[in-house]
Amino acid sequence: MYKIKLIPDNTAIPFLKFRMMAFIVSGVLILGSIGVFLTAGFNKGIDFEGGILIEIGTETAPDLGDMRSSLGGLGLGQVALQTFGRDTDILIRVQRQEGDASAQEEAVSVIKQQLASDYGDKISYRRVEFVGPTVSEELVIAATEAVLVAVLAMLVYIWLRFEWHYSIGAVVALVHDVILTIGMFAITRIEFNLASVAAILTIVGYSINDTVVVYDRIRENFRRYKKLSVAELINLSINETLTRTTMTSVTTLLALVALYIFGGEVIRGFATAMIFGVVVGTYSSIFVAAPVLLHIGLTHQKEEEDGFAGAEKADGDADEKN
Amino acid sequence: MNRFPTWKIIVVAIVCAFGVIYTLPNFVSKTVLSGLPDWMPTKQVNLGLDLQGGSHLLLQVDAGAVKTKMMDSLVDGVRDSLRQQGDNVGYRDLGHNGEVVSFTLRDPADEDKARERLSDLSNIMANGQRDVVIASDDGRVTLTPSEAAIIARLSAAVDQSIEIVRRRVDETGVNEPTIQRQGTDRILVQLPGVDDPDRIKRLLGETAQLTFHLVDLTADVGAAGRVPPGSKRLPAIEENGRTYIIKSRVMVSGENLEDAQATFQQGQPVVSIRFDGLGAKQFGRATTENVGKPFAIVLDNKVVSAPRINEPILGGSAVISGGFNVEGAQDLALLLRAGALPAPLDILEERSVGPDLGADSIAAGEIAGIIGIIAVAVFMIASYGLFGIFANVALAMNIFLIMAVLSVLGATLTLPGIAGIVLTIGMAVDANVLIFERIREEIRVGKSPLNAVEAGFARAFTTIIDANVTTGIAATILFVMGSGPVKGFAVTLLIGIISSMFTAIMLSRMLISFWMQRKRPKTLEI
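Protein chains in written order, with this note's numbering: chain Y, 52 to 373; chain P, -7 to 518.
Hints are computed from structural coordinates only; laboratory data are not their basis. Treat each hint with caution, since some may be false.
Covered by chain Y, per the in silico footprint, the following chain P stretches (three or more residues, Cβ under 8 Å) [claimed, not checked]: (1) 187 to 200; (2) 337 to 348; (3) 374 to 382; (4) 426 to 433; (5) 481 to 492.
In silico BS3-like pairs for lysine-lysine, Cα to Cα no more than 27 Å straight-line [stated by the list, open to error]: (6) Y/K54 / P/K511; (7) P/K193 / P/K294; (8) P/K61 / P/K294; (9) P/K61 / P/K193; (10) P/K61 / P/K239; (11) P/K514 / Y/K277; (12) P/K224 / P/K239; (13) P/K439 / Y/K54; (14) Y/K54 / P/K514; (15) P/K193 / P/K285; (16) P/K193 / Y/K56; (17) P/K59 / P/K294; (18) P/K285 / Y/K56; (19) P/K511 / P/K0; (20) Y/K173 / P/K193; (21) P/K224 / Y/K56; (22) P/K239 / P/K59; (23) P/K0 / Y/K163; (24) Y/K278 / P/K439; (25) Y/K95 / Y/K163; (26) P/K0 / P/K61.
Away from chain P, derived, C-beta distances all over 10 Å, residues of chain Y [what the hints assert, rightly or not]: (27) V76; (28) L80; (29) G128; (30) W215; (31) V330.
Here a beta-carbon is modelled for each residue, glycine too, at the ideal position from N, C-alpha and C.
Starting from the given sequences, assemble the full structure and let the hints guide the process.
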């Protein structure tokens, strides 16, 4: 039976040779991401910006121009309209109203009244959301905290399970992935909302998962091949785990692409971010997380001093094999 | 390969049976489920408001108003303590600035006497501190509520508000509302099936404090007229610019109501109220003493009406008329039945989803899930052949387990939650991929099929644990720190991580072990 093999057996790509190129590419992308984020910022959804979001369904596709001028004339500030998935679904966004939460609430009823007088009962409300200023500020803080705590928790876990070199390497890769994802949101103008934070945290989880698998192999190979240089070891480990890395990325991407195409408009931004994150996370485990180890002084001695009990079993197996 | 231990077979069988049995109710309609006997599993996955349609409101108790009310009542307490029949302690400038109640004694020599009188207002709390700190300096007396006392009062106000909100929402007939405290001063209200919460928002927007006062006839109602001490000026509830001057003292308050119903009087909608025993007595005495004078019915500091007392009302029943329409009368009756809020509530956040969007989201999520599963399954078979099929059985069981756990826990499935499941589909096979790749490696170095499989599982194990714990950490943090829909995503992701480890390590290993025992393959096609 024929089987797909993404990576042929005994592949030996000299990944570490490309590491300087990879560092430059990553460096440029990181600087670019930070630059775009600082200049353009996010296209913040109401979760973080406060304001009003209304999704209406109509019987026939309405004239957006008419609707825009009708709602724009209500004195509520910026009103943005867009079709959402199909012509008869319109998303209405209104900027945050001055004043407290009740100002948002009043604006919602003003819009509803205007829509009722323009379209009568030909419209249905699919979604009405408003978020007041205090809540949106708190959500920003909570989201930032969540991402920082997650990165910190991973750092500690890897430190405990491996040793500090690995935890630095993993965090470098994580920060790399998070910054690039932030840059992606800033460039694509995909709405940044609570689901986006969930996406970033999932990317963090996915990326570290990938990195840990490579690290696990590096640690194992340190015990198995005492004579190889550190660079050779790292390179060997990347190659040995390459099939798994790509296989898992492909299956995850298959599921995400299904979500992107069929999951509906609300979830599309999330799926996009995740697809990007999986690609970046895969790249970073190979080209960032592993090579970085070489530059922060991981050596044979280091590895033996900080011997790890859980790996002894694998060690024994290896001896039997060699 | 050693025989797969019997106890493990039993564990796997029980877990898988659990997964399938507890998922099944989700494919059956609610009416069928209600007809089933008790011992059968009937719990379905709880759909979030974004999937079934409904309204989510985040309310905040007005802490400022709670504090002001607390200070006002402290001022009343001071007045009552100092003014006693035949033994007044003279004072002036009694009032509060929002933080401190203060007054000046007319005779500084009264200081000890005043402090003694006021001692009832200062009590020792559970933490050993006094709730109100009384200080005096040269005839100037201050009463300062402690921070802990204010927090306790606010907390009590939130508890009471939750109760009142619950009663009001229940009165509107919403099915299975969720009303819970969030943080120190917030209340989360979730109303499934309500996509236009305007009426409920209006009902929650009223504090509905009802009081009856005598009208102060000595004062000049004209706009410039001075309001005598002990009286206050209140506007009419109809916005006609009219004001009333009423005595501050409350004749009877809404707390003493037993029932309120919307009825008709001379073709007009009115609200009929009935007092409880104490209320009826107070109302009877007040009306007996003041026949011929008008009294004011005050709702949230607005005068609803000010009828004349024609005769003593002793039966404990009365009628509030004030130009209501039918709905207005019904809402007021509802509010009075449910009781008054201790402080106004602000709506900080609203998210309402109509039933169409929810149904669309479920349909889209199902399609994405099914297509995702098929794509991953085909890819796994194409990559690993028979072993891919083993992995797919594990994957399918994984989905059952996620659904079963969600059903049993009564966890809420949200749209991001569906995304979490679809994502899990992609990531769940990871453990099997790790194992299979290890087996391939072992075969390449020349191990026998049995040894290769054994070693593959053993060596992949630590990697699987490390990789999943890290993802699990991310999911846990999302669950703990996330809110609303994000929590739903974290729940499914977390359950998915645990169940995928189980299915990959235990279930697929069992299948492979059975297969190898039957076929005893000389070479391994993987």
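Going through the hints against the structure:
Restraint check on the stretch 187 to 200 of chain P versus chain Y: 4 residues with Cβ-Cβ distances below 8 Å, three needed, restraint holds. For the stretch 337 to 348 of chain P, the stated coverage by chain Y is satisfied: 10 residues place a CB nearer than 8 Å to a CB of that chain, which reaches the threshold of 3. Check result for the stretch 374 to 382 of chain P against chain Y: holds, 4 residues qualifying (beta carbon to beta carbon below 8 Å, three or more required). With 4 residues carrying a beta carbon less than 8 Å from a beta carbon of chain Y, the stretch 426 to 433 of chain P meets the three-residue requirement, and the given coverage holds.
Given as covered by chain Y, the stretch 481 to 492 of chain P passes the check, having 3 residues with a CB less than 8 Å from a CB of that chain where 3 are the minimum. A threshold of 27 Å between alpha carbons decides the hint, and for Y/K54 with P/K511 the separation of about 21 Å falls inside it, so the pair holds. Distance restraint check for P/K193 and P/K294: the Cα-Cα separation of roughly 20 Å lies within the 27 Å cut-off, and the hinted pair is therefore satisfied. Annotation: proposed proximity of P/K61 to P/K294 holds, straight-line Cα distance about 17 Å (limit 27 Å).
Straight-line distance between C-alpha atoms of P/K61 and P/K193 comes to about 24 Å, which keeps the hinted pair within the 27 Å bound. The straight-line distance between the Cα atoms of P/K61 and P/K239 is roughly 18 Å, inside the 27 Å bound, and the hint therefore holds. A hinted pair counts as satisfied when its Cα atoms are at most 27 Å apart, and P/K514 with Y/K277 does not qualify at roughly 34 Å. Between P/K224 and P/K239 the CA atoms are separated by roughly 6 Å; this keeps the pair inside 27 Å, and the hint holds.
For a cut-off of 27 Å, the pair hint linking P/K439 to Y/K54 stands: about 21 Å separates their Cα positions. Restraint check for Y/K54 and P/K514: the C-alpha separation of about 19 Å stays at or below 27 Å, so the hint holds. Distance restraint check for P/K193 and P/K285: the Cα-Cα separation of roughly 37 Å exceeds the 27 Å cut-off, and the hinted pair is therefore not satisfied. Taking the CA atoms of P/K193 and Y/K56, the gap is near 60 Å; set against the 27 Å cutoff, the hint is violated.
At roughly 21 Å between alpha-carbon atoms, P/K59 and P/K294 fall within 27 Å of each other, so this suggested pair holds. For the suggested pair P/K285 and Y/K56, the alpha carbons sit about 96 Å apart, so the restraint of at most 27 Å is broken. Between the alpha carbons of P/K511 and P/K0 the distance comes to roughly 21 Å, so the proposed pair stays at or under 27 Å and holds. A C-alpha spacing of about 24 Å is found between Y/K173 and P/K193, which places the hinted pair at or below 27 Å, so the restraint holds.
Taking the CA atoms of P/K224 and Y/K56, the gap is near 86 Å; set against the 27 Å cutoff, the hint is violated. About 23 Å separates the Cα atoms of P/K239 and P/K59, which keeps this hinted pair within 27 Å; it holds. Restraint check for P/K0 and Y/K163: the C-alpha separation of about 60 Å exceeds 27 Å, so the hint is violated. Only pairs whose Cα atoms come within 27 Å are accepted, and Y/K278 paired with P/K439 is accepted, the gap being roughly 24 Å.
Pair hint Y/K95 plus Y/K163 holds up; C-alpha atoms about 24 Å apart against a cutoff of 27 Å. For a cut-off of 27 Å, the pair hint linking P/K0 to P/K61 is broken: about 65 Å separates their Cα positions. For Y/V76, the shortest C-beta to C-beta distance to chain P comes to about 25 Å, beyond the 10 Å cut-off, and the non-interface label holds. Taking the minimum C-beta to C-beta distance to chain P, about 23 Å, the non-interface status of Y/L80 holds against the 10 Å cut.
No Cβ of chain P approaches the Cβ of Y/G128 within 10 Å, the least distance being about 19 Å, so the stated non-interface status holds. Every CB of chain P lies more than 10 Å from the CB of Y/W215, the least distance being 16 Å, so the non-interface label holds. No Cβ of chain P approaches the Cβ of Y/V330 within 10 Å, the least distance being about 13 Å, so the stated non-interface status holds.
Violated hints for the displayed structure, listed by number in ascending order: 11, 15, 16, 18, 21, 23, 26.
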